[in-house]
Amino acid sequence: MADQLATDIISKIKAHAEPSGEEITTNTELTALGIHSLELTEIIFDLEEEYGIEIEMNTVDAWSNLKNVGDMVEAVRALIAKKA
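Those letters in the sequence shown? Residues 1 to 84, by full-length UniProt numbering.
Just so you know, not all the hints are guaranteed correct.
Below, a list of computed lysine to aspartate or glutamate pairs in the EDC-like style, where the Cα atoms sit at most 20 Å apart [stated by the list, open to error]:
(1) LYS12 x GLU23
(2) LYS67 x GLU18
(3) LYS67 x ASP8
(4) LYS12 x GLU22
(5) LYS12 x GLU74
(6) LYS12 x GLU48
(7) LYS14 x GLU74
(8) LYS83 x GLU56
(9) LYS83 x GLU49
(10) LYS67 x GLU22
(11) LYS82 x GLU56
(12) LYS12 x GLU39
(13) LYS12 x GLU49
(14) LYS14 x ASP3
(15) LYS83 x GLU50
(16) LYS67 x GLU42
(17) LYS82 x ASP71
(18) LYS83 x ASP46
(19) LYS67 x GLU29
(20) LYS14 x GLU42
(21) LYS82 x GLU48
(22) LYS12 x GLU54
(23) LYS83 x ASP71
(24) LYS12 x GLU56
(25) LYS67 x GLU23
(26) LYS82 x ASP3
(27) LYS12 x GLU42
(28) LYS82 x GLU50
(29) LYS82 x ASP46
(30) LYS82 x GLU54
(31) LYS82 x GLU49
(32) LYS67 x ASP46
(33) LYS14 x ASP46
(34) LYS67 x GLU39
With beta-carbon atoms standing in for the labels, derived distance ranges [what the hints assert, rightly or not]:
(35) GLU18 x ALA84: 28 to 38 Å
(36) ASP71 x GLU49: 11 to 21 Å
(37) ASP3 x GLU48: 17 to 27 Å
(38) ASP46 x ASP3: 16 to 26 Å
(39) GLY21 x ALA84: 30 to 40 Å
(40) THR7 x THR41: 16 to 26 Å
Derived by calculation from the structure, the hints in this document are not laboratory data. In this text the structure is predicted, and so the values were computed from the model without any measurement. All C-beta atoms, glycine included, are put in the ideal place defined by N, C-alpha and C.
My request is simple: use the sequences and hints to build the entire structure.
Laid out in structure tokens, this is it:
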């Protein structure tokens with residue numbers, strides 16, 4: 001069961017994902033959602049604004065570090081914890 005942070009991030013991802021009818025979970029691969037570099041950048045900006053964090057990675061680093069939704073959730077969680 002996803003926690004509130006994961007639920008919030010999944011809803012942001014859904015806004016940029018290609019609709020497939022399948023449920024998005026923390027195990028869902030970002031590439032399976034049709035999310036490419038521009039969408040990933042927009043999602044990262046949304047997350048930075050929402051949580052007052054700064055995600056320091058260019059698109060190449062983002063793709064190599066963020067394979068699935070869970071990776072993105074944990075990256076945001078770590079940055080929020082650092083901020084606190």
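Range hint 11 to 21 Å: satisfied by the CB atoms of ASP71 and GLU49? 20 Å, holds
Is it true that the C-beta distance of GLY21 to ALA84 lies inside 30 to 40 Å, as the hint says? 37 Å, holds
Check whether the Cα positions of LYS82 and ASP46 lie no farther apart than 20 Å. Given pair LYS82, ASP46 holds - Cα atoms ~19 Å apart, limit 20 Å.
Compare the distance between the alpha carbons of LYS82 and GLU49 with 20 Å, and conclude whether the hinted pair is satisfied. Answer holds: LYS82 to GLU49 is near 16 Å, not above 20 Å.
Are ASP46 and ASP3 spaced within 16 to 26 Å by their CB atoms? 18 Å, holds
Would you check the hint for LYS82 and GLU50, treating anything up to 20 Å between C-alpha atoms as holding? Between LYS82 and GLU50 the Cα gap is close to 16 Å, so the pair holds against 20 Å.
Is the hinted pair LYS82 and GLU56 satisfied, with a Cα-Cα distance of at most 20 Å? OK: LYS82 and GLU56 at ~13 Å, within 20 Å.
Proposed proximity, ASP46 with LYS14 (alpha carbon, max 20 Å): 12 Å, holds
Check the hint pairing LYS14 with GLU74 against an upper bound of 20 Å on the C-alpha distance. Distance ~18 Å between LYS14 and GLU74 Cα, so the pair holds.
Given the proposed pairing of LYS12 with GLU23, does the C-alpha separation stay at or below 20 Å? 14 Å, holds
Take a quick look at whether LYS82 and ASP71 sit within 20 Å of each other, Cα to Cα. 17 Å, holds
Within 16 to 26 Å or not, the Cβ separation of THR7 and THR41? About 22 Å separates the Cβ atoms of THR7 and THR41, which means 16 to 26 Å holds.
Every hint from the earlier list agrees with this structure, and none is contradicted.
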